[in-house]
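Heads up: the sequence lines are chains Z and B, in that order. Okay, so the first sequence: first residue is 1 according to our numbering, each after it adds one. Okay, so the second sequence: first residue is 1001 according to our numbering, each after it adds one.
Heads up, some of the hints might be wrong.
Here are a few chain Z residues that face chain B, going by a calculated C-beta distance under 10 Å [claimed, not checked]: (1) V4; (2) Y35; (3) F45; (4) D56; (5) G58; (6) G106.
List time: in silico DSSO-like cross-link candidates among lysine-lysine, alpha-carbon distance up to 30 Å [unchecked claim]: (7) K1042(B) <-> K13(Z); (8) K15(Z) <-> K57(Z); (9) K1042(B) <-> K22(Z); (10) K1079(B) <-> K52(Z); (11) K15(Z) <-> K1068(B); (12) K1042(B) <-> K1057(B); (13) K1068(B) <-> K57(Z); (14) K57(Z) <-> K1069(B); (15) K1069(B) <-> K1057(B); (16) K1042(B) <-> K57(Z).
Negatives, chain Z to chain B, calculated, CB over 10 Å [what the hints assert, rightly or not]: (17) S80; (18) A92; (19) G108.
The set of hints was computed from the structure by calculation and includes no laboratory data. All figures in this text were calculated on a predicted structure; none of them were measured in a lab. Just so it is clear, CB atoms sit at the ideal spot from N, CA and C, and this is done for glycine as well.
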Amino acid sequence: AAGVIQSPRHLIKEKRETATLKCYPIPRHDTVYWYQQGPGQDPQFLISFYEKMQSDKGSIPDRFSAQQFSDYHSELNMSSLELGDSALYFCASSLRDRGYNEQFFGPGTRLTVL
Amino acid sequence: EDQVTQSPEALRLQEGESSSLNCSYTVSGLRGLFWYRQDPGKGPEFLFTLYSAGEEKEKERLKATLTKKESFLHITAPKPEDSATYLCAGGTSYGKLTFGQGTILTVHP
């Protein structure tokens, strides 16, 4: 079965640079979620989109922005990167019309800021 | 504030030694309690969703149960390949998941 695809899988950036993470949800899934997981931490919700509209917002820094496109893929844009942004970034997708919220996670993008 | 607390933080078992993991939650508007398995450096793998108190679900050596305040993940006769971090999360209708800190399970042969 098709799963959530994230790219790139690994990314190394310098401080103050920008990064773009991409997420391709499971086919026919209409909702995308972004989570950040620091070392030894649980995943922390950043932001979500349903039908290309922002549906919920968590502890996402103002330096970050995201959007969902017409083909339902999503991009997380991160600017003025800081050392503390080094983490695993997960995208998850779900199908809202099923009436519940089972979120299926991608393999993650490991971002390292030097 | 929504809160999910898991215990113990770490659990070491011998192969075949059954045990349980605990998840207590306070999530406003909770619509589902989710269990995930996470291997190091990988994305959480969906295991179960529980929707109402008294509900139980099973998958191989795992069984999840739900009360009004807690959920338990029972592991029967575990094998070394069951070693992973088990995450519990509370979810609202269509919104974010609030995760606990996880239980790191190690099963020794």
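Going through the hints against the structure:
no. : hint                  : result
1   : V4                    : 8 Å, holds
2   : Y35                   : 8 Å, holds
3   : F45                   : 4 Å, holds
4   : D56                   : 5 Å, holds
5   : G58                   : 6 Å, holds
6   : G106                  : 5 Å, holds
7   : K1042(B) <-> K13(Z)   : 21 Å, holds
8   : K15(Z) <-> K57(Z)     : 25 Å, holds
9   : K1042(B) <-> K22(Z)   : 16 Å, holds
10  : K1079(B) <-> K52(Z)   : 43 Å, violated
11  : K15(Z) <-> K1068(B)   : 46 Å, violated
12  : K1042(B) <-> K1057(B) : 24 Å, holds
13  : K1068(B) <-> K57(Z)   : 27 Å, holds
14  : K57(Z) <-> K1069(B)   : 26 Å, holds
15  : K1069(B) <-> K1057(B) : 17 Å, holds
16  : K1042(B) <-> K57(Z)   : 24 Å, holds
17  : S80                   : 25 Å, holds
18  : A92                   : 8 Å, violated
19  : G108                  : 5 Å, violated
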